[in-house]
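Novice: Chains G and S, in that order, are what the protein sequence lines are.
In terms of the numbering used here, the first sequence is residues 1 to 251.
In terms of the numbering used here, the second sequence is residues 1 to 95.
Straight line, CA to CA, 30 Å or less: simulated DSS-like cross-link-like pairs of lysine-lysine:
{"no.": "1", "chain 1": "S", "residue 1": "58", "chain 2": "G", "residue 2": "145"}
{"no.": "2", "chain 1": "S", "residue 1": "16", "chain 2": "G", "residue 2": "128"}
{"no.": "3", "chain 1": "G", "residue 1": "145", "chain 2": "S", "residue 2": "4"}
{"no.": "4", "chain 1": "G", "residue 1": "217", "chain 2": "G", "residue 2": "145"}
With the C-beta cut set under 8 Å, the calculated list includes, among others, these residues of chain S facing chain G:
{"no.": "5", "residue": "27"}
{"no.": "6", "residue": "28"}
{"no.": "7", "residue": "29"}
{"no.": "8", "residue": "38"}
{"no.": "9", "residue": "41"}
{"no.": "10", "residue": "42"}
Simulated from the structure, these hints should not be mistaken for laboratory data.
Only a predicted model underlies this, so the values are computations on that prediction, with no experimental measurement involved.
C-beta atoms are modelled at their ideal positions from N, C-alpha and C, and glycine is treated no differently.
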Amino acid sequence: MKNENLYNYILGIADNSLILGQRMGELCGHGPSLETDIACTNISLDLFGQVRSYFQYAGKIAGDGRTEDDIAMLRKEREYKNVLLVEQPNTNFAYTIGRQFLFDVYHLAFLAELQKSSDLTLSAIANKCIKEVSYHERFSSDWVKRLGDGTEESNQKMQDAINDLWTYTDELFHLTEADKATVAEGIGVDVTKLKDNYYKSVSNLLTEARLQTPESKWFQKGGKQGVHTEHLGYLLSDLQYMQRTYPNMEW
Amino acid sequence: MSTKNWPLWEIFVRSKNGLEHRHFGSLHAADAEMALENARDVYTRRNEGVSIWVVESKHITASNPENNGELFEPAQDKVYRHPTFYDLPDEVKHM
Numbered sequence: 001m002k003n004e005n006l007y008n009y010i011l012g013i014a015d016n017s018l019i020l021g022q023r024m025g026e027l028c029g030h031g032p033s034l035e036t037d038i039a040c041t042n043i044s045l046d047l048f049g050q051v052r053s054y055f056q057y058a059g060k061i062a063g064d065g066r067t068e069d070d071i072a073m074l075r076k077e078r079e080y081k082n083v084l085l086v087e088q089p090n091t092n093f094a095y096t097i098g099r100q101f102l103f104d105v106y107h108l109a110f111l112a113e114l115q116k117s118s119d120l121t122l123s124a125i126a127n128k129c130i131k132e133v134s135y136h137e138r139f140s141s142d143w144v145k146r147l148g149d150g151t152e153e154s155n156q157k158m159q160d161a162i163n164d165l166w167t168y169t170d171e172l173f174h175l176t177e178a179d180k181a182t183v184a185e186g187i188g189v190d191v192t193k194l195k196d197n198y199y200k201s202v203s204n205l206l207t208e209a210r211l212q213t214p215e216s217k218w219f220q221k222g223g224k225q226g227v228h229t230e231h232l233g234y235l236l237s238d239l240q241y242m243q244r245t246y247p248n249m250e251w
Numbered sequence: 001m002s003t004k005n006w007p008l009w010e011i012f013v014r015s016k017n018g019l020e021h022r023h024f025g026s027l028h029a030a031d032a033e034m035a036l037e038n039a040r041d042v043y044t045r046r047n048e049g050v051s052i053w054v055v056e057s058k059h060i061t062a063s064n065p066e067n068n069g070e071l072f073e074p075a076q077d078k079v080y081r082h083p084t085f086y087d088l089p090d091e092v093k094h095m
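Extracted from the complex, chain G is given alone in its bound form:
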C-alpha cells in the first residue's frame, strides 16, 4: 500500500472509538437507570459515527475496494490497534465511567491537535468530533465527581476503578511507527506532548471528586502494537458475530 503509514495511523485513532463504542453499546438495555442507559448508548453511537468517517477515509487510502465494514468487522484480534484502556470491561458503573473519563480527557486534547493536521480530511473529522467528545468529557467527569463525592460506597467503587484502570493510561502517549511517520509529515499528532497536561487535568478533577490520584508508576502497554488483554477477543466475537456467521450480509 502506498500510504501505509497514514492508513495505519487512521486505524490507530478509529479503533479506540470503535472498541470503546462497542463497550458502551453493551450497556444498551443494561444501564443502571433508563437515563444513564440512554446516555451511554448515545456516546456509543457518537463514537461509531466517528469510526465511520475514519474508516471510509482509510478505505479510500487503501484503494483496493475494502469498505468501512471490512475494516471494522473482518480483522483479527492482533490487527486492532486500540489502546488497552478502551477494551477494559464494564465491571460496574464506576469502571464504565472511569474508563470513559480517562479516555475522554485524552480524546479531547487529541482532537484539538488533530484539527491542526495538514491532512484536510482528518482535520475536518476532528473538527466535527470535538463537539461530541466535549460532551462525553463533561458527562464522564460529572459522574466521576458525583460518585467520588457521593456516598462512602460510591467513593470506594470509583477509587477502585481509577486505581485499576490507571495502569492503562500511559499507553495513550506512546508513539507508534505510524505516529512518528505522520507526525514528521505534519499530519499526525505528537501525543507525547499531551501527557503532562493530561495528568494535570485528570489529577485536578480527581481531587475535586475527593479521590486519590494513583501513584503507581508501572504501566501496561501493547494495544497499539496489537498485543491486547484477554478481554478484546470476547468483545470482537460479539462485534464480528454477524459478519463471520453470515459473510457479506447486509440489512
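Following the hints, put chain S in place on chain G, whose structure we already have.
Specialist: Using the frame of chain G, we list chain S on its own:
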C-alpha cells in the same frame, strides 16, 4: 446499594428558535444539572431541540380533575367568547 429513587423532573424543550418551550415528558435525576444532561440524551438526541428547561415535578401545582366541572364547563356554552362573528379580511391568516 441505595434503592432510593432520584426525584422526578419535568422537561420542556424548545424545538426551534421562535417557538415556545413545550412539555416533552419527565425523567429522574439527582439534581438540576443531571436533569439537563439526561434530558439532552433522552429527548433531544434526534435533533429535536435548541433549548431545554427542567423543573422538578414537585414544584408544579396542578388543577384537580375533580374540579373540572366548576373550572372548565362554564366556558363550554359561551361561543360569544370567541371572536368568530367578525368578517376577517383574507390578508389576516392566523386569528
